[in-house]
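S.K.: Keeping their order, the protein sequence lines are chains A, B, C and D.
Each residue of the first sequence is one higher than the one before, counting from 45 in the numbering used here.
Each residue of the second sequence is one higher than the one before, counting from 45 in the numbering used here.
Each residue of the third sequence is one higher than the one before, counting from 45 in the numbering used here.
Each residue of the fourth sequence is one higher than the one before, counting from 45 in the numbering used here.
Treat the hints as calculated values from the structure; they're not laboratory data.
Do not rely on the hints blindly, as some may be mistaken.
If chains are identical, the list can't say which one is meant, so a pair holds when it fits in one copy or spans any two.
[Said to hold, decoys possible] Subject to a maximum C-alpha distance of 30 Å in a straight line, what follows is the list of computed DSSO-like cross-link-like pairs (lysine-lysine): (1) 171 / 59; (2) 152 / 171; (3) 59 / 214; (4) 157 / 171; (5) 153 / 59; (6) 153 / 171.
Protein chains: 4
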Amino acid sequence: MITAAEKFRNREKRKMMIKFFTAGGTIDKIYFDAMSTYQIGAPKIDEILEEARVNFDYEVTSLVKKDSLDLDDQDRKTILDAVAAEPCQRIIITHGTDTMVETAQTLKKARDKTIVLTGAMEPACFKSSDAGFNLGLAAGAVQALAHGVYIAINGRIFNPDNARKNRELKMFESIEDSPL
Amino acid sequence: MITAAEKFRNREKRKMMIKFFTAGGTIDKIYFDAMSTYQIGAPKIDEILEEARVNFDYEVTSLVKKDSLDLDDQDRKTILDAVAAEPCQRIIITHGTDTMVETAQTLKKARDKTIVLTGAMEPACFKSSDAGFNLGLAAGAVQALAHGVYIAINGRIFNPDNARKNRELKMFESIEDSPL
Amino acid sequence: MITAAEKFRNREKRKMMIKFFTAGGTIDKIYFDAMSTYQIGAPKIDEILEEARVNFDYEVTSLVKKDSLDLDDQDRKTILDAVAAEPCQRIIITHGTDTMVETAQTLKKARDKTIVLTGAMEPACFKSSDAGFNLGLAAGAVQALAHGVYIAINGRIFNPDNARKNRELKMFESIEDSPL
Amino acid sequence: MITAAEKFRNREKRKMMIKFFTAGGTIDKIYFDAMSTYQIGAPKIDEILEEARVNFDYEVTSLVKKDSLDLDDQDRKTILDAVAAEPCQRIIITHGTDTMVETAQTLKKARDKTIVLTGAMEPACFKSSDAGFNLGLAAGAVQALAHGVYIAINGRIFNPDNARKNRELKMFESIEDSPL
Numbered sequence: 045m046i047t048a049a050e051k052f053r054n055r056e057k058r059k060m061m062i063k064f065f066t067a068g069g070t071i072d073k074i075y076f077d078a079m080s081t082y083q084i085g086a087p088k089i090d091e092i093l094e095e096a097r098v099n100f101d102y103e104v105t106s107l108v109k110k111d112s113l114d115l116d117d118q119d120r121k122t123i124l125d126a127v128a129a130e131p132c133q134r135i136i137i138t139h140g141t142d143t144m145v146e147t148a149q150t151l152k153k154a155r156d157k158t159i160v161l162t163g164a165m166e167p168a169c170f171k172s173s174d175a176g177f178n179l180g181l182a183a184g185a186v187q188a189l190a191h192g193v194y195i196a197i198n199g200r201i202f203n204p205d206n207a208r209k210n211r212e213l214k215m216f217e218s219i220e221d222s223p224l
Numbered sequence: 045m046i047t048a049a050e051k052f053r054n055r056e057k058r059k060m061m062i063k064f065f066t067a068g069g070t071i072d073k074i075y076f077d078a079m080s081t082y083q084i085g086a087p088k089i090d091e092i093l094e095e096a097r098v099n100f101d102y103e104v105t106s107l108v109k110k111d112s113l114d115l116d117d118q119d120r121k122t123i124l125d126a127v128a129a130e131p132c133q134r135i136i137i138t139h140g141t142d143t144m145v146e147t148a149q150t151l152k153k154a155r156d157k158t159i160v161l162t163g164a165m166e167p168a169c170f171k172s173s174d175a176g177f178n179l180g181l182a183a184g185a186v187q188a189l190a191h192g193v194y195i196a197i198n199g200r201i202f203n204p205d206n207a208r209k210n211r212e213l214k215m216f217e218s219i220e221d222s223p224l
Numbered sequence: 045m046i047t048a049a050e051k052f053r054n055r056e057k058r059k060m061m062i063k064f065f066t067a068g069g070t071i072d073k074i075y076f077d078a079m080s081t082y083q084i085g086a087p088k089i090d091e092i093l094e095e096a097r098v099n100f101d102y103e104v105t106s107l108v109k110k111d112s113l114d115l116d117d118q119d120r121k122t123i124l125d126a127v128a129a130e131p132c133q134r135i136i137i138t139h140g141t142d143t144m145v146e147t148a149q150t151l152k153k154a155r156d157k158t159i160v161l162t163g164a165m166e167p168a169c170f171k172s173s174d175a176g177f178n179l180g181l182a183a184g185a186v187q188a189l190a191h192g193v194y195i196a197i198n199g200r201i202f203n204p205d206n207a208r209k210n211r212e213l214k215m216f217e218s219i220e221d222s223p224l
Numbered sequence: 045m046i047t048a049a050e051k052f053r054n055r056e057k058r059k060m061m062i063k064f065f066t067a068g069g070t071i072d073k074i075y076f077d078a079m080s081t082y083q084i085g086a087p088k089i090d091e092i093l094e095e096a097r098v099n100f101d102y103e104v105t106s107l108v109k110k111d112s113l114d115l116d117d118q119d120r121k122t123i124l125d126a127v128a129a130e131p132c133q134r135i136i137i138t139h140g141t142d143t144m145v146e147t148a149q150t151l152k153k154a155r156d157k158t159i160v161l162t163g164a165m166e167p168a169c170f171k172s173s174d175a176g177f178n179l180g181l182a183a184g185a186v187q188a189l190a191h192g193v194y195i196a197i198n199g200r201i202f203n204p205d206n207a208r209k210n211r212e213l214k215m216f217e218s219i220e221d222s223p224l
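Just chain A, same shape as in the assembly (with noise of 0.2 Å):
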């Protein structure tokens, strides 16, 4: 009989790996100028990780560049088949806050493996924003959860079953948080 402390010893022995998939947001939108509109841009997340300095390999793929308001069924379709296709059991989604929760519902096919759907209130490229944070949030819940879909956001690791974007306060709450 192993312990849970001894499972994460276990985990920990080789050098983690990370898969990264890209699916468009806030994140990585980027402004071009004054006669443009905002725009999906590359996604951040290879600045961040050097920024941060970590120790895991991992990987960036990215699948779509869409504000998560326009992501139709085919949009998710490609997202659940790389999931799928995956080998790599430690996956991290960067995702539009709108639709996340919708994302990470379809995504509960995808079994044995531990998916974190993370994004951003605030683009990554603002000299103030929780993208950083929030993919430290999704390491951390990458590496320490059990298999499942997850969404971590606003400090917080959420049951897809139970979040939902508060748009006026703009952040994700527990659907038990608020009075009913």
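Following the hints, complete the assembly by docking chains B, C and D onto the known chain A.
M.R.: Chains B, C and D alone, transformed into the frame defined by chain A:
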């Protein structure tokens, strides 16, 4: 019998609370002027958590303001006593990296809590710093892991018995990571 | 007969005062959330001047909050009237880059003042922005130059008759700079 | 007879060139790790000018890397010799603030050039630093002012004969500014 997922869901039901203790270290280093040396400033945790828009309750208590090479047994006793007396079961301690492992060993005496030590290789006041990511990582660890003592830095969650700072690389590593 | 150096020294004797007018543009653009478009936010001048620890008196008045492509004759009249009525002889105007030259032309009617228009290619709220440098450049120009209207951007001080925005390079240039 | 405006226009006709010399000081201070002291790092000018998207030619030469309290007569001679030998007539020198006035006095011997000394109260690598604004201010001064030696800091352009650092306020002031 409750599954891990159910336990996670239950834990999530009440508004989460994290207690932060600060014990000095590079994360809070600031620089006054050309006639001063580097000094440990006021903890930057509040700023970072505000920028991260966290949706949990928290308190910050400053215990020591020292470079971690200068921490002595009395300082470690101060930290252990504060942790032992703390009613909150989720505790994050910011600490200098040079003796983080030693302090973590001491804290094993505090049972019935999830204690995560973190810090930074570059001060939080720098344009490029790992401080925000590391606090996110610690926040992920402290809410996902069972009671015990952990070190969260360089994108990894380490068991203190299996962690060391590689000074040359300025990076924590698992002892098993490296060739013997 | 007073030399330029003496005039400069005399001018320096009283505590310098600069009047800032803001007229929208990229420098003050912010972004609300995934359901909003980019908007002009509150002027960032105060923050930038505080960070720069300026030792001069100043006032900031917001005149218009628009992308400069949307400024019309009435808006330009508002700016000219404010400049004409202003007792302070050193005036810096933050303005969108796309029609900065046109507004500068209008302001030639305001004599007996040193008027410097500046702005930014990237919003001041971005991690990487030219806003702080440009305001420094404008502050240098407004206290060093004789009465007249100038454009300070891209590290240069331009005569508005000899300046244009090169949209492709996202850079202002002297008309004489470029091959005809 | 040429007016000031015409002279300015003529000067603008060729692509402007600025020579930067770096002489250490807080602007370039960096911090290595908990076992090191603050040190003068590689000049940050290139990064700042790139972020500012400057449209002028420039060269950067590092002359000394010291806290300005440690500069001696030989260092000042090195700076004066470099300035005297420099063909470019627009020179910006980054320098520690504590002895910036003394070095500026020395440089009066270099005639036929516009020489502007600047620096920073907070290192350029800090999230909140006056470095970018000050370099902008110096760039404005160096292209607008007649030959001579100037100090550009705290939003002001000072004649070195009339400037001093107020250590308590961490701010340069005109000697005439303050009550005697």
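S.K.: Each of the hints needs a verdict: does it hold here or not?
M.R.: Here's how the hints hold up against the structure:
no., hint, in the structure
1, 171 / 59, "between (32 Å within a copy, 29 Å between copies)"
2, 152 / 171, "neither (35 Å within a copy, 36 Å between copies)"
3, 59 / 214, "between (36 Å within a copy, 17 Å between copies)"
4, 157 / 171, "neither (34 Å within a copy, 35 Å between copies)"
5, 153 / 59, "both (27 Å within a copy, 29 Å between copies)"
6, 153 / 171, "neither (37 Å within a copy, 39 Å between copies)"
Checked against the numbered hints listed earlier, the structure breaks hints 2, 4, 6; every other hint is satisfied.
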